[in-house]
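Required output: the full structure, derived from the provided sequences and hints.
In this text, residue positions in the sequence shown follow my numbering: the first is 104, and each later residue adds one.
You can trust all of the hints, since none of them are fake.
Here are the computed distance ranges between Cβ atoms for each label pair:
id: 1; residue 1: Lys289; residue 2: Asn202; range: 34 to 40 Å
id: 2; residue 1: Thr485; residue 2: His527; range: 40 to 46 Å
id: 3; residue 1: Phe576; residue 2: Lys285; range: 45 to 51 Å
Simulated from the structure, these hints should not be mistaken for laboratory data.
On a predicted model such as this, the values are computed, not experimentally measured, just so you know.
A virtual CB, placed ideally from N, CA and C, is assigned to each residue, including glycine.
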Amino acid sequence: MRILSVLPLVAVSLVVAGEQRPNIVFILADDLGAKDLSNEGSTYYESPHIDRIASMGMKFTRGYATCQVCSPSRASIMTGKYPVNTGITTWIGDPAGENWRRAKRFDSHLPPEYDRALRASEVTIAEALQGAGYRTFFAGKWHLGKEGSWPTDHGFQINKGGYESGSPRGGFFAPYNNPNLKDGPKGECLPIRLGRETADFIESSRDRPFLAFLSFYSVHAPIETSEMLWKKYRDKAAADGTADKRFIFDRRLGVRQVQDCPIYAGMIESMDDAVGLVLAKLDELGLMDNTIVCFTSDNGGVSSGDAFATCNLPFRGGKGRQWEGGIREPFYIYAPGVTTAGTTTDVPASGMDWYPTLLDLANVNVPAEQAVDGVSLVPVLTGGGLAERPLFWHYPHYGNQGGEPSSIVMEDNWKLIYYHEDQHYELYDISKDIGEQADLAKTHPKRVTEMQGTLQSWLAATGAKMPIPDGQFDSAMRASRWENLRTKGLERLETRHAAFLKPDFKPNADWWQSSFQD
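Below is the structure:
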């Protein structure tokens with residue numbers, strides 16, 4: 104870990120001569136979809152505290168993660184770089200090369216190797232801010248490397264619960280089985296615990312600038328909630344009228360089309376309550392007027408694979424997939440004195456933009472040795488705009504959720520997807536077709552050619568690694584697997600998810616040890 108010497112920016116910031124730099128609270132959800140919050144249009148999930156962040160500041164209606172899975176997106180937030188430039192292009196632990204065959208997906212290509220830890224040479228947002236006098240704190244999911252590459256190795260002075268695991272090994276109720284989080288009382292709720300740890304840190308740091316990075320394990324699988332919350336949302340779904348069918352088969356896997364999973368809804372409420380604890384502490388201490396508060400997620404909601412827990416409509420797909428449902432995120436910034444309450448913008452913003460934006464607001468230069476790809480969003484926050492720029496994604500892997508090896512370029516409202524398996528392109532005008540149903544590649548060949556050139560030049564310039572054909576590929580085996588998923592797989596999904604709403608549903612003998620109350 105390095106401590107940096109930093110110089111102030113001359114751009115718009117919250118810092119006035121003689122005043123303390125602004126505090127920063129960054130809240131990152133895991134696997135939360137762009138439509139999983141009430142302020143984003145959900146009538147089933149309830150998120151009043153997260154909604155408050157959106158209403159206090161600016162909401163980016165076209166906020167994006169830099170990848171459709173978690174570790175690459177998290178690395179981008181920490182470094183300000185595209186995943187190809189951090190070397191982390193899939194979730195850490197994902198098989199690559201010939202090891203991919205062990206997944207029994209019978210795929211046509213072998214995904215490339217990737218970095219399995221955040222590089223020590225990266226100057227993280229925490230290191231840059233610590234060098235400017237900030238006290239730094241991390242709570243929750245890390246998933247950016249094993250011991251030696253934990254939060255405390257990358258600029259965070261305090262770490263509560265961050266280590267190599269991408270999901271909570273002990274589940275969402277104590278005991279947690281987490282080497283960096285002491286167990287609370289049996290049955291204690293993990294997101295509430297992380298919210299309290301963050302609130303306690305804020306109180307202990309009230310007299311100096313701080314970065315509090317609250318990185319929830321919620322709402323990643325396993326989906327678990329309390330019996331009380333399950334019943335609340337089970338009753339709510341019943342009152343709205345339960346669906347006869349919840350899934351369709353989209354290309355390679357079943358995809359949820361309805362928001363009515365009471366377990367997942369309970370998880371959102373618990374996470375939202377934890378956010379409420381943090382906001383209440385800022386209010387109590389009178390810090391809200393000098394604290395930047397940010398909220399986003401690391402990839403789209405899980406409508407396929409994992410727990411098949413949510414629906415991202417009108418966006419197509421979800422986590423792991425190349426369509427908007429996989430990469431669109433809630434993206435909120437409250438910056439007192441800079442943002443105007445309740446404003447929205449359709450300027451596209453990316454997870455790599457958090458780094459330069461927060462340093463800009465804190466009046467801290469981007470370290471010279473950190474070649475960031477993102478840009479500061481401060482001009483947008485103050486009512487202006489950004490120079491037009493293409494945005495890129497490169498995911499040369501197979502998603503557990505049905506995603507295909509692909510690369511993407513987005514220019515204004517046009518989105519071009521390149522598929523590495525068969526080298527075909529899809530083109531969508533997302534201003535008119537947000538569900539990505541009408542592929543315009545054949546009717547707009549000139550646009551495809553132009554955007555293809557932009558994408559291929561970027562891939563070459565970044566040295567992007569590519570999947571390679573698997574000489575042992577058996578197309579009949581893959582077709583058989585897909586047919587099984589389309590028939591028996593969909594039947595299993597429908598049966599399992601209908602059971603969540605039965606009055607006598609009980610997951611196990613002790614409701615995941617979730618009886619703890621306080």
